[in-house]
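Q: These are the residues of each chain, in order.
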Amino acid sequence: METNQNHIDLIVKYLSGDITHDEIIKLESWIGERTVNRNLFNEYKKVWENLGKVADIAGIDVQKEWKKLEGKMNFPGSIRISRHRPAVERNFTFWFTRIAAILIIGLFLSITVILINRNARYISCTTETTTMIAQLPDGSQVTLNTGSSLKYQKKFGKDQRMVELTGEAYFEVSPDQSRPFIVNTDKIKIQVLGTSFNVNAYKDNAVIEVVVNTGQVAVTKEGEITERIILKSGNRGIFNKSDQSLKLSIIENPNFLSWKTRQFMFEDRSLEEIILTINRIYNSNILITSDSLKDKRVTASFNNQSLEAILNVLAATLDLDIRENNGEIILLKKD
Amino acid sequence: MEDEKKIPVSLDKSTFEQLFKTLFPSLAHFARKYVPDNDTAKEITHDVFLNLWEKRDNIDSSTSLKSYLFTSVYNRCMNYIRDRRKFNRDEHIFNILEQEEQSVQYDPLEEQELESRIIDSLNKLPPRCREIFTLNRFEGINYAEIAEKLDISVKTVETQMSKALRILREKLIDYL
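Each protein sequence line maps, in turn, to chains A and B.
Those letters in the first sequence? Residues 15 to 349, by this note's numbering.
Those letters in the second sequence? Residues 23 to 198, by this note's numbering.
Just so you know, the hints here were simulated from the structure itself, not pulled from any lab data.
Even for Gly, the Cβ is constructed at its ideal location relative to N, Cα and C.
Since no wrong hints were added, every one of them can be taken at face value.
Facing chain A, according to a computed beta carbon distance under 10 Å, are these residues of chain B, among others:
1. 37
2. 43
3. 46
4. 72
5. 136
6. 155
7. 158
8. 181
9. 194
From just these sequences and the hints, can you work out the full model?
A: Next up, the structure:
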């Protein structure tokens, strides 16, 4: 007889004492049948017994306890926090009270006030097809890769330096011990004092990658503060979106900054991988048609060269033909 | 910038709420080992969280927040016992205190490991499933009474009970 739901029901009934005589006989014969059954029964028993260790607090309702604590938390703090929330999260009551109050003064005025209020909250920089340098009020510099955007509050720097990033960016943060610099992505938070590092948080990537060039940063998962990793120069932090794990490793890809510097080094890499990197950085559309060509190994380095120059080097090394067609560049084996 | 201690931890309300909801039961349970009743244990834990919230802008990040919280709860329990000892020479409490003072290195986290895991696993059960399981396992109410109380069938209670224990076994068996 196999282990099925029925037997687990019997085990649990037995453990809780809610079992009939007939059921006990049934359970006993099942346990006697095979060693695995006995082991499974013992495992459940062990779990059941160990639960007794926390009997005193098992009935605690955390939601209720939280409400109780919230009542005790002082109010100025809560108000200060709520200002950090973006405008879209404002609830109905918030707007209703504002609008109602201003209605007394005049409808016209009220509309103006709301618009100013809404517009003043954030400054955002977005770039689609080129890289872009954003200079922040504190002197920090952020280089945004293509298809990335950076958002920060207008009052950036007052007590905290906080930015939100989607996509990829390289940060050179001005040192300031008293005001931590925080980069929020949708899954992780990076906290620094003064350093330079790269964050790759494109939405469609399976991982978020933080690579530290100089100094030191702390990375935590969204909503966590006790679990964090500290990255130093040469370290790489990887957040894996599928299993939500945050791990520290070393820099494996020497070209992590090449989108910014346009300096690359390829050591025994496949042509396919090289072209992928080049396409990403030059926003180009280079295709390799033959599979045998894709696997060709190349060792080369480029230093801020034009796309044409790079392609010429590759063509000469691998004996390729380059054809252009409707914005696509196709690499072919020479006949 | 050489030392990781220098990177401050920032604590906003939603993070604080999450921290509270995750650790409150474990901390209250931990406190309960040293103080005589559940209410005192909960009260001490509340005080520790409130204190953390008040100093949220100035948190020493040289230790993890979790061990900071356990240590704070522990210290407050010891204070509580000391205060009471002045008035009440309770042998039992006295003994606990003596034992703790003798132990050279005290690591509340290690001691808490399994129990925290159990509490955590219980908290992660689906709400309905947890409610039913708690009523039976910790309040000793039988299947039929639970069914009546919650206005559901006995069969549903049975199913939820099995579901709960199956999940708990999966999560805990490697640590028992």
